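Going down the list, the protein sequences come from chains F and E. Per my numbering, the first sequence starts with residue 7, numbered consecutively. Per my numbering, the second sequence starts with residue 144, numbered consecutively.
Among these hints, one or two may not hold up.
[Stated by the list, open to error] One-sided excerpt, in silico: chain E residues whose CB lies under 10 angstroms from chain F:
(1) Ala173
(2) Thr209
(3) Val212
(4) Arg213
(5) Leu214
(6) Glu222
(7) Leu223
[Said to hold, decoys possible] With the Cβ distance kept under 10 angstroms, some of the chain F side facing chain E (calculated, not the full set):
(8) Ile12
(9) Trp70
(10) Gly85
[Claimed, not checked] Cβ pair distances, simulated, as ranges:
(11) Gly71(F) <-> Asp247(E): 38 to 48 angstroms
(12) Val159(E) <-> Pro72(F): 23 to 33 angstroms
(13) Val212(E) <-> Pro72(F): 29 to 39 angstroms
(14) Gly54(F) <-> Leu224(E): 15 to 25 angstroms
(15) Val158(E) <-> Val18(F): 26 to 36 angstroms
(16) Val18(F) <-> Gly200(E): 17 to 27 angstroms
(17) Val79(F) <-> Pro251(E): 34 to 44 angstroms
(18) Gly245(E) <-> Thr8(F): 26 to 36 angstroms
(19) Gly200(E) <-> Ile74(F): 35 to 45 angstroms
(20) Val158(E) <-> Gly54(F): 13 to 23 angstroms
(21) Arg73(F) <-> Gly155(E): 18 to 28 angstroms
(22) Gly200(E) <-> Trp39(F): 26 to 36 angstroms
(23) Ala161(E) <-> Trp39(F): 23 to 33 angstroms
Think of the hints as simulated: they come from the structure by calculation, not from any bench. Given the structure is predicted, the values throughout are model-derived calculations rather than measurements. Positions of the beta carbon are idealized from the N, C-alpha and C atoms, including for glycine.
So you can see what is in the structure, the chains are spelled out below.
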Amino acid sequence: MTYSQIAVAVLVAVLVVDLAVLRTRMVTRRVFWVAYAIVIVFQLLMNGVLTGLDVVTYDPAAIWGPRIAYAPVEDLLFGFSLVVLTLASWAAVNRRANTTRRRGLDTRTRRSSTR
Amino acid sequence: MGHLTYLSLLVGCLVVTAPLELLLGVRVYARWRRLLLAVVPEFVVFVVWVLYAIAAGHWDYSAGRTLDVRLPGGIPVEELLFFLVVPVCAVLALEAVRKVTGWDAGYPAEEAEAGR
């Protein structure tokens, strides 16, 4: 598989995880898109330096060809998938932890209120 | 910056986002156990991807602009750190936007539960 093919496959997989597996639905939320808008600015800066200074170099045969700020466009898919997977996972971990904690508080409250 | 180029960028990411924790009080590092747990899937998926890409020759790293310390599979130590630093910055960004706007992120606010 080329970089391009993997980038598309991982993007699809990550969207399935967000929407259907964890059901965190990050990509449907305003808070996510505003955060991503901030992240992508820094991503383009950092990626621009990494690729502009040839810290990372790409095999021309493995990419589509078009570049944005020195970096192959595939890097945008790469970065987007990374952010979606991380934030969906972060939401899932917090959802579980906070729900558990809330249940614990509810139990204590109920117990004390019956005494 | 030579060998420190890539490492400096990673440190820069942490420095630039540090005020979100220290001044805005998003409590992301404060929830470090959850943070570590949340980063695991991303870390595994992307490190596997990078190992495959290195093996397949999709991309390569400059020996002169990295520490040139290669871990098993040929992955530079900075690239491994990238997959810890960048997701942490993304979480900081999300929590900052959530804190400032109050918009729903799909899970109960931790602040209220922690009594802060």
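Evaluated hints:
For Ala173(E), the interface hint is violated, since its Cβ never comes within 10 angstroms of a Cβ in chain F; the closest pair sits about 13 angstroms apart. Given hint, Thr209(E) at the interface with chain F, holds; its Cβ is 7 angstroms from that chain's nearest Cβ, closer than 10 angstroms. Among the interface hints, the one on Val212(E) is violated; its C-beta lies about 14 angstroms from the nearest C-beta in chain F, farther than the 10 angstroms criterion. A least Cβ separation of about 14 angstroms between Arg213(E) and chain F goes past the 10 angstroms threshold, and the interface hint is therefore violated.
Using the Cβ-Cβ criterion of 10 angstroms, the hint placing Leu214(E) at the interface with chain F is not satisfied: the shortest such distance is roughly 16 angstroms. Because the closest C-beta pair between Glu222(E) and chain F is about 9 angstroms apart, less than 10 angstroms, the hint holds. Nearest Cβ of chain F to the Cβ of Leu223(E): about 14 angstroms, over the 10 angstroms cut. The hint is violated. Contact between Ile12(F) and chain E, as hinted, is supported at the beta carbon level, the nearest pair being about 6 angstroms apart and thus within 10 angstroms.
Evaluation of the Trp70(F) hint against chain E yields a violated restraint, the C-beta minimum of about 12 angstroms exceeding 10 angstroms. A least Cβ separation of about 8 angstroms between Gly85(F) and chain E falls short of the 10 angstroms threshold, and the interface hint therefore holds. Our hint of 38 to 48 angstroms for Gly71(F) and Asp247(E) holds, since their Cβ atoms are close to 40 angstroms apart. Roughly 28 angstroms separates the CB atoms of Val159(E) and Pro72(F), a value that falls within the hinted 23 to 33 angstroms.
The supplied range of 29 to 39 angstroms is met by Val212(E) and Pro72(F), whose beta-carbon atoms lie about 33 angstroms from each other. The beta-carbon spacing between Gly54(F) and Leu224(E), approximately 19 angstroms, falls within the hinted interval of 15 to 25 angstroms. Checked against the hint of 26 to 36 angstroms, the C-beta distance between Val158(E) and Val18(F) comes to roughly 35 angstroms, which is consistent with it. With their beta carbons about 24 angstroms apart, Val18(F) and Gly200(E) fall inside the hinted range of 17 to 27 angstroms.
Our hint of 34 to 44 angstroms for Val79(F) and Pro251(E) holds, since their Cβ atoms are close to 38 angstroms apart. Roughly 43 angstroms separates the CB atoms of Gly245(E) and Thr8(F), a value that falls outside the hinted 26 to 36 angstroms. Checking the proposed 35 to 45 angstroms range against Gly200(E) and Ile74(F) shows it is violated: the Cβ atoms sit about 23 angstroms from each other. Distance hint check for Val158(E) and Gly54(F): the Cβ-Cβ separation is about 18 angstroms, which falls inside the suggested range of 13 to 23 angstroms.
Distance hint check for Arg73(F) and Gly155(E): the Cβ-Cβ separation is about 22 angstroms, which falls inside the suggested range of 18 to 28 angstroms. Evaluation of the 26 to 36 angstroms hint for Gly200(E) and Trp39(F) yields a pass: the beta carbon distance comes to about 35 angstroms. Between Ala161(E) and Trp39(F) the beta carbons are some 24 angstroms apart, a value that agrees with the proposed interval 23 to 33 angstroms.
The structure is inconsistent with the numbered hints 1, 3, 4, 5, 7, 9, 18, 19, although it conforms to all the rest.
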